[in-house]
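Here are the chains, one letter per residue:
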Amino acid sequence: MTTRSTPRVLGAALVTAVLIALLSIKLNSFRDYQIAEIAIEVTAVAGLTILTGLSGQISLGNGAFMAIGAYTTALLMLHLNWPFYLVLLFAAAITAAAGAVVGVAAARLHGPYLAGATLLLGVALPSVAYAYTGFFGGDQGLDVNFTTPSFLGVNFPLTRWEAWVCSAVALVTLVLLANLGRSRVGRSWRAVRDDEVAAALAGVNVAAARVLAFVVSAACAGLAGALLAVVTGLVAPGAFTITLSIALLTAAVIGGLGTLPGAVWGSLVIVLVPTYATDVATSHGLSSSVASNIPVAAYGAVLIIVMLLFPQGIQGAVRWTLGLFGISPGRGWRAADIPDALSAAGDPPAGDPPAANQRRPASPEGSSSGNQ
Amino acid sequence: MVEFLQFTLSGLSFGMIYAAIALSLVLIWRGTRLLNFAQGGMAMFTTYIALEVIRHTGSYWAGFLVALAAGVVLGAAAELTVVRPALGKPELNAVIITIGLLILLEGLAGIFYGGQYRSFPAAFSVVGLRVGSTPLGVSRFDVFVALAVLAATLLLAVGFRYTTAGLRMRAAAFNATVARLSGIRVARVITVGWALAGLLGALAGVLVTPSTFLYPNSMDSIFVFGFTAAVIGGLDSPLGAVVGGLLLGVVLSYASGYLGSQGSDLTALVALGILVVVLMLRPDGIFSGARVRRV
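One line per chain: the protein sequences are A and B, in this order.
Counting in the working numbering, the first sequence runs from 1 upward without gaps.
Counting in the working numbering, the second sequence runs from 1001 upward without gaps.
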């Protein structure tokens, strides 16, 4: 399977890269900024969808990892003037280390207890910037200077370069995560998610697998934070609110939890829906307080509606639609090696698009009746 | 010593608010196995309704009662319309729906009332009480806050313990299938649980807003700390919710009182510290039963 699908993933990434490059040249600088924004979101959401969808650990605190990545970037560029690719790698490494610490602390927690601890982490960590104003710049934050490289010439728009950089990082992240998800590591995550005891009996180091998932997810969030720092040109605690962490989880679930295409769909929704609704609201000449709040309300309503209509997220709906035309778009991680994992949590209910390749577990009564 | 007493008393008063939010989360968790992220948003919305009623009638108590009634209606309506269809689907779907509901309510509040900060009246004087010449650090209103939440908690506890409806709710929370087999309409019981949670949330909203101002996001941090309190206490335990709320309120009050301005910047970090310590010792909260997790 690996030999066949790695070229496919790489091919898809290359095609997407070319498309984004063409788009970014065609579109104006605001759209380029949006491309960068979506790419940043994709990077962070992909990491979270691995953590929550594959290893089964919820995190409402990945915004805190983004903050660590962003502040690392700002401080390095401000004080040490490193080249950007080094800064990016270092930011990922620092957040990975932070992820390891959090992962170890969280290893015994489940469900709402993990959600509560990570949510509070997401709220608490950015507030450190307020307490140590001298180092972190307090409310005002730190400025980040990012320029286009000289070989592109002076007239090359900065937003386009940013869109390229962000998209490249996002695509590399997606390719790496796709391979990781299919590897031995990915299998051990799914085993831990579905049944910790069974996984441990099968020789999986449960604690290590859970911590590693946090490390990978945090590194992705750190990369996203670093990109966010250079694209917005400013790192301030106001950017890393509880809303950000919640938006990341929302994007992962809306898109289709545990799938990388789902991370892309979800990111598109949470970046584009508010912008689009703002455009509509302002073009109808509504008063500013109404116009600025209609996107918020619309975004909330979209979340509810998507979840009610597509319980498996947008990617589930896409798969179902493709199935109608007889195309089976590669068996996703969820449906692949786990015959009965979803029977407890997510067997497609009546209204849900039935997955063509869903295998039903044999009924336990049938096999045990002989012994009675 | 006087300072210590002041910080303790004001911490207890604020802790009661966290306890009310935590208790409402516990009510919903026990019935639905779901974290209701919209709890704070619903409380914010009912407080706006209360403000509107107070402005039109001039009576604080009319607004107070309408807010509680609106909380009941909003809680039940949320469960019936958007939450119920999502139950039995992947676990996180219902969570995302409550997040969507939170964002929707905040957006609607912004559309109807604008984003500016509004002050909300207190039921009683907010001038600090004194014993002789020593200030106690709490006002008449703070005492009312504590008593109101305490009364609501006791009413709920008595209701759960001694009434048939309470027995039904406990049965449904303990084992829905068995409860259904013995003739309990579990679905209706769950709706009642949401309605009661809405009431508690509305109470918390009306009680806390005089000290925080009212704006579309005004309940966000209260919700986070209420959630923390519920997690500290153990999401299955109403007693745990109250103890968790009081513990959190008192410790946060000491932190911002003794550590000065840096302390109040770091309240969330202090709360995180408490949470980590508690969960290290008891991963399912202080009052969790010795239950085996289903694998």
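What the hints contain is simulated information worked out from the structure, not anything from laboratory work.
Please note that a few of the clues may not be correct.
[Claimed, not checked] A partial selection of chain B residues facing chain A, derived with a Cβ cut-off under 8 angstroms:
| id | residue |
| --- | --- |
| 1 | Pro1085 |
| 2 | Leu1087 |
| 3 | Leu1104 |
| 4 | Leu1108 |
| 5 | Gly1114 |
| 6 | Leu1147 |
| 7 | Ala1148 |
| 8 | Ala1151 |
| 9 | Asp1220 |
| 10 | Thr1228 |
| 11 | Ala1268 |
| 12 | Leu1275 |
| 13 | Val1276 |
[Stated by the list, open to error] Covered, in the sense of this in silico footprint (three residues per stretch, anywhere, with C-beta under 8 angstroms from a C-beta of chain B), are these stretches of chain A:
| id | segment |
| --- | --- |
| 14 | 87-101 |
| 15 | 114-122 |
| 16 | 229-238 |
| 17 | 275-282 |
| 18 | 317-326 |
[As the list claims (entries may be wrong)] Residues of chain B placed beyond 10 angstroms of chain A at every Cβ, according to the derived structure:
| id | residue |
| --- | --- |
| 19 | Pro1121 |
| 20 | Leu1154 |
| 21 | Ala1179 |
| 22 | Arg1180 |
| 23 | Ser1221 |
| 24 | Leu1235 |
| 25 | Leu1239 |
Note that CB positions come from ideal geometry on N, CA and C, so glycine has one too.
>> Between the segment 87-101 of chain A and chain B, are there enough contacts, at least three residues with CB-CB distance under 8 angstroms, for the coverage claim to hold?
In response: violated (count 0)
> Should the label of Pro1121(B) as a non-interface residue stand, given a Cβ cut-off of 10 angstroms to chain A?
Replying inline: holds, 23 angstroms
> Counting residues of the segment 114-122 of chain A with a beta carbon closer than 8 angstroms to any beta carbon of chain B, are there 3 or more?
Replying inline: holds (count 6)
> Does Leu1154(B) really sit off the interface, with its C-beta more than 10 angstroms from all C-beta atoms of chain A?
Replying inline: holds, 26 angstroms
>> Beyond 10 angstroms on every Cβ pair: is that true for Ser1221(B) relative to chain A?
In response: violated, 8 angstroms
> For the hint on Ala1148(B), does the least C-beta distance to chain A fall short of 8 angstroms?
Replying inline: Nearest chain A Cβ about 26 angstroms off; hint violated.
>> Under 8 angstroms between beta-carbons, do enough residues of the segment 317-326 of chain A, three at least, approach chain B for the coverage claim to hold?
In response: n = 0 at 8 angstroms, threshold three: violated.
>> Just want to verify: Ala1179(B) was marked as not at the interface with chain A; is every Cβ pair farther apart than 10 angstroms?
In response: Check passes; 20 angstroms lies beyond 10 angstroms.
>> Please check whether Leu1108(B) passes as an interface residue: C-beta within 8 angstroms of a C-beta belonging to chain A.
In response: holds, 5 angstroms
>> Please verify that the nearest CB of chain A lies beyond 10 angstroms from Leu1235(B)'s CB.
In response: Leu1235(B) not clear of chain A: closest Cβ-Cβ about 6 angstroms, inside 10 angstroms.
> Any Cβ of chain A at or closer than 10 angstroms to Leu1239(B), or is the non-interface label fine?
Replying inline: Given that every Cβ of chain A is farther than 10 angstroms from that of Leu1239(B), nearest at about 17 angstroms, it holds.
> Does the nearest C-beta of chain A fall within a distance shorter than 8 angstroms of the C-beta of Leu1087(B)?
Replying inline: violated, 10 angstroms
The structure does not agree with the numbered hints 2, 6, 7, 8, 14, 16, 17, 18, 23, 24 stated previously, though it agrees with the rest.
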